[in-house]
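Participant: These are the residues of each chain, in order.
There are 2 protein chains.
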Amino acid sequence: MKNLLRASFGALFILTLTACVSSSPTPVETPRNVVFLLGDGMGFAHVKAYRMYADDPSTELVDPLPVDALQVGSVSTDSIVMDCDSTALNCTRDPHGFTDSASSATAYATGKDTVVGRLSMSPSGETMTTILEGACMQGKSTGLVATSELTHASPAAFGSHVADREQAADIANQYFDNHWEEKPMVDVLLGGGLEHMQRLDRDLVSEFRQAGYEIALNRSELLSMQGEQLLGLFAPNGMPYAWDRDSETPSLAEMTQVALKSLDQNPQGFFLMIEGSEIDWAGHDKSIIGVISEMEDFISAVQVVLDFARQNRDTLVIITADHETGGMSLGRDNIYRWDPRPMNGVKATPAAMTAKYLAGEESLSAFIAENVPFELNNAEVTILDATPRDETAVRDAIIDLFNKRTLTGWSSTGHTGVDVPLYVFGPGSERFHGVMQNETIGQVLWEVFIPTEHPD
Amino acid sequence: MKNLLRASFGALFILTLTACVSSSPTPVETPRNVVFLLGDGMGFAHVKAYRMYADDPSTELVDPLPVDALQVGSVSTDSIVMDCDSTALNCTRDPHGFTDSASSATAYATGKDTVVGRLSMSPSGETMTTILEGACMQGKSTGLVATSELTHASPAAFGSHVADREQAADIANQYFDNHWEEKPMVDVLLGGGLEHMQRLDRDLVSEFRQAGYEIALNRSELLSMQGEQLLGLFAPNGMPYAWDRDSETPSLAEMTQVALKSLDQNPQGFFLMIEGSEIDWAGHDKSIIGVISEMEDFISAVQVVLDFARQNRDTLVIITADHETGGMSLGRDNIYRWDPRPMNGVKATPAAMTAKYLAGEESLSAFIAENVPFELNNAEVTILDATPRDETAVRDAIIDLFNKRTLTGWSSTGHTGVDVPLYVFGPGSERFHGVMQNETIGQVLWEVFIPTEHPD
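From first to last, the protein sequence lines stand for chains W and G. When we follow the working numbering, the leftmost residue of the first sequence carries the number 1, and every step to the right adds one. When we follow the working numbering, the leftmost residue of the second sequence carries the number 457, and every step to the right adds one.
Bear in mind the hints are in silico, worked out from the structure with no lab data behind them. Some hints could be false.
[Stated by the list, open to error] No farther apart than 25 Å at their CA atoms in a straight line, the calculated lysine to any residue pairs in the SDA-like style are these:
| no. | chain 1 | residue 1 | chain 2 | residue 2 |
| --- | --- | --- | --- | --- |
| 1 | W | Lys404 | G | Asp539 |
| 2 | W | Lys404 | G | Arg549 |
| 3 | W | Lys404 | G | Asp550 |
| 4 | G | Lys860 | W | Lys112 |
| 5 | W | Lys404 | G | Asp856 |
| 6 | G | Lys568 | W | Asp63 |
| 7 | W | Lys112 | G | Val518 |
| 8 | G | Lys860 | W | Arg93 |
| 9 | W | Lys112 | G | Pro513 |
| 10 | W | Lys404 | G | Pro551 |
[Stated by the list, open to error] Cβ-Cβ distance ranges computed for the label pairs, FRET-style:
| no. | chain 1 | residue 1 | chain 2 | residue 2 | range |
| --- | --- | --- | --- | --- | --- |
| 11 | G | Ser662 | W | Asn377 | 55 to 61 Å |
| 12 | G | Lys860 | W | Val444 | 35 to 41 Å |
| 13 | W | Glu362 | G | Cys547 | 38 to 44 Å |
| 14 | G | Glu582 | W | Glu375 | 39 to 45 Å |
| 15 | G | Asn693 | W | Glu375 | 43 to 49 Å |
| 16 | W | Val444 | G | Pro513 | 25 to 31 Å |
| 17 | G | Arg658 | W | Ile335 | 57 to 63 Å |
| 18 | G | Ser819 | W | Glu166 | 46 to 52 Å |
| 19 | W | Ala211 | G | Lys860 | 52 to 58 Å |
Ideal Cβ placement from N, Cα and C applies to all residues, glycine included.
Chain W extracted, bound-state conformation:
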């Protein structure tokens, strides 16, 4: 009986262990890698519009986007907004103002709020360490990938410290000059902004090359990159919208692919920030075509990262936005539908269409009729042909045509205050849930990724 009991105990013990292993949650591991993806200006309407656009109409249910199953909450992107008089000397805090990309990206990068327009620097001017720098100081590799110029606010908040986001030359200089153990703190820089890096006063492209970075100035050069330190610059400023790029301008997904391959060579792991920068610009233009072009580019990059993270389970992926742009809505004027089909096959944004139209001789309605998958009605023809042959007027007329045809609504050409979506995947993701402030995301990211190194 005693022996039997012991034998039972042993068996029970093994059973218990088995049950325990299978039912206990994976312990909170420190992720080796973090990829932070920012859809600049991406609100819930932008995501839903792209889901409806990308849907395969031959299947009964709407096909989910790769982010959909990963939503865990949303982000309230408030920051410190100062309400100043005309001298800009007398300022009071405005509790109801909206953030910009600089302040919001600073919150994600440092875990701390700052005033609008400032990059990883406190309201009183102290440098605030970023998660990219924290990763670098741990011996990890680091990267910034964006479709805007690399000196634009969101990537710049992770890799530089300036009082004013407009200091593009200072930001570019800091990418090279801010060193850790005798090398620049950012290993991989891919995006637009050649003219801020190669200037009359300083040629950072040469300096990076001499420091051992591989340089790419077009898609072919990008795709053949092999090293651990890369600088790729694919436009003088922001890269063209995805639908307007030529064959020598890479996609965000291609830049992402190259960045991951490069950074993953470091056995210590990496931090990579990736931005779909121009979702925001399309929102400022109230252009649904621009939004879909840039959402397609961004979500393709998200897919590349998720494929990597599913192969490399020590990778934490965070996907969110810095604020919503445009007050975008699906549905307008009491019509209960939103129709993506007027954009089917249209692989050029209104800006590119306008340039092509102005280079030709046709009437605007004749030009548009050749470039859209629907038949223009009389009212549309009248409006288009009454449009002055002027770049802004033509572009706005084309934007408006697509907004009305798709039934997209907008409340502003600026940022709005609505919360933005939060998606996470990988080890540490259980720390992100519910409605979070953007600076809380930054704080938790530090705690999860670099638990010993949080700067207070």
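Chain G: place on chain W using the hints.
Facilitator: Just chain G, lined up with the frame of chain W:
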């Protein structure tokens, strides 16, 4: 050595068991009670606006709403929309149409999609069992609480089956006539809609009273209710907006309190559906004042339910919406702020203000100046005093004044296609996460709440 090994085994076994108990997740329990709270027309902008309105400005951070920590994802509220010709006989499915409250509430109630306008009945006319009915057949108590008339689409989808949501008399009759074990399937009915229950052709109030229901027709009667079967009707149709109610009209929180106390007397548990019905109506009116009035009423009821669920941990709470109404946004016209302060102290909606103004002799600007916490500017005075002395015109002028002062934007007077927030609390909540379809919520709710009884 052998004994030592055995002793160690024993100790290890106990340690393992302890570690296992403390680290294994709580097993998925079947909740005894479910409370399903629907903010009709409540999108992310509605929630954010109320969070900013309700915030205590003396604290540095924005105070979270009781729902904020409970967000787990969002809901895509697509349903079956038929695009019909003028005869309504030739219909094709419209994959890009938006849902209405009937079809969306049906999805939540039954786990199945149906066509717009239909209540818990399939496209071909078959009755589809609702979660309320499933709970009733399990011996649980059931309740419907709404600020609209109780025969309105959302509550009606849980307690009746009709081809057209406009069949208010049929819906009211079914609340009494649809029996299980010789009693009506809905035990607690609290809301508006007296005129649909007490009609020339049938007096359901008397019938319910004779069947043993306690009846309340005002707030005092509601608050003294004690029984397990209650009918409370506090307006001929929809109840007044919360800010326009008199002292004898209860709040949604008060109705919720009474419903919970009543239903909780059943040891088998209960299913309760609660609707903040008129968030949607305020959205149709593009009225930010109406939205804040109804969000305050709804969130107060949510707080009552969460207080109950924290005391009764076998209660699953789901809080969501059926669709967004209005294409509402915080921020308009390129101004980077949204200001709730013009609504401070304004405890009447534009409809009530209009009635009061039309009963008096003052100019509209003089009347408004006395009823708002800000000083009207010259442009506002001019617009108000040029408004015809007509109910709709005056109401719209007041709505517009508050939209502009608060910087609220709208894209439609109807429903939009943007996803709506999803909040959950309690046992089974781990089954809800990410972006879900509304019918998937209904299916998972069945699986969690009544695992043995899912009708297929």
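Participant: Does each hint fit the structure? Answer for all of them.
Facilitator: Going down the list of hints, with the structure as the test:
no.: 1; hint: W:Lys404 - G:Asp539; result: holds (19 Å)
no.: 2; hint: W:Lys404 - G:Arg549; result: holds (22 Å)
no.: 3; hint: W:Lys404 - G:Asp550; result: holds (18 Å)
no.: 4; hint: G:Lys860 - W:Lys112; result: violated (32 Å)
no.: 5; hint: W:Lys404 - G:Asp856; result: holds (23 Å)
no.: 6; hint: G:Lys568 - W:Asp63; result: holds (18 Å)
no.: 7; hint: W:Lys112 - G:Val518; result: holds (15 Å)
no.: 8; hint: G:Lys860 - W:Arg93; result: holds (22 Å)
no.: 9; hint: W:Lys112 - G:Pro513; result: holds (20 Å)
no.: 10; hint: W:Lys404 - G:Pro551; result: holds (18 Å)
no.: 11; hint: G:Ser662 - W:Asn377: 55 to 61 Å; result: holds (58 Å)
no.: 12; hint: G:Lys860 - W:Val444: 35 to 41 Å; result: holds (38 Å)
no.: 13; hint: W:Glu362 - G:Cys547: 38 to 44 Å; result: holds (40 Å)
no.: 14; hint: G:Glu582 - W:Glu375: 39 to 45 Å; result: holds (40 Å)
no.: 15; hint: G:Asn693 - W:Glu375: 43 to 49 Å; result: holds (45 Å)
no.: 16; hint: W:Val444 - G:Pro513: 25 to 31 Å; result: holds (26 Å)
no.: 17; hint: G:Arg658 - W:Ile335: 57 to 63 Å; result: violated (38 Å)
no.: 18; hint: G:Ser819 - W:Glu166: 46 to 52 Å; result: holds (48 Å)
no.: 19; hint: W:Ala211 - G:Lys860: 52 to 58 Å; result: holds (55 Å)
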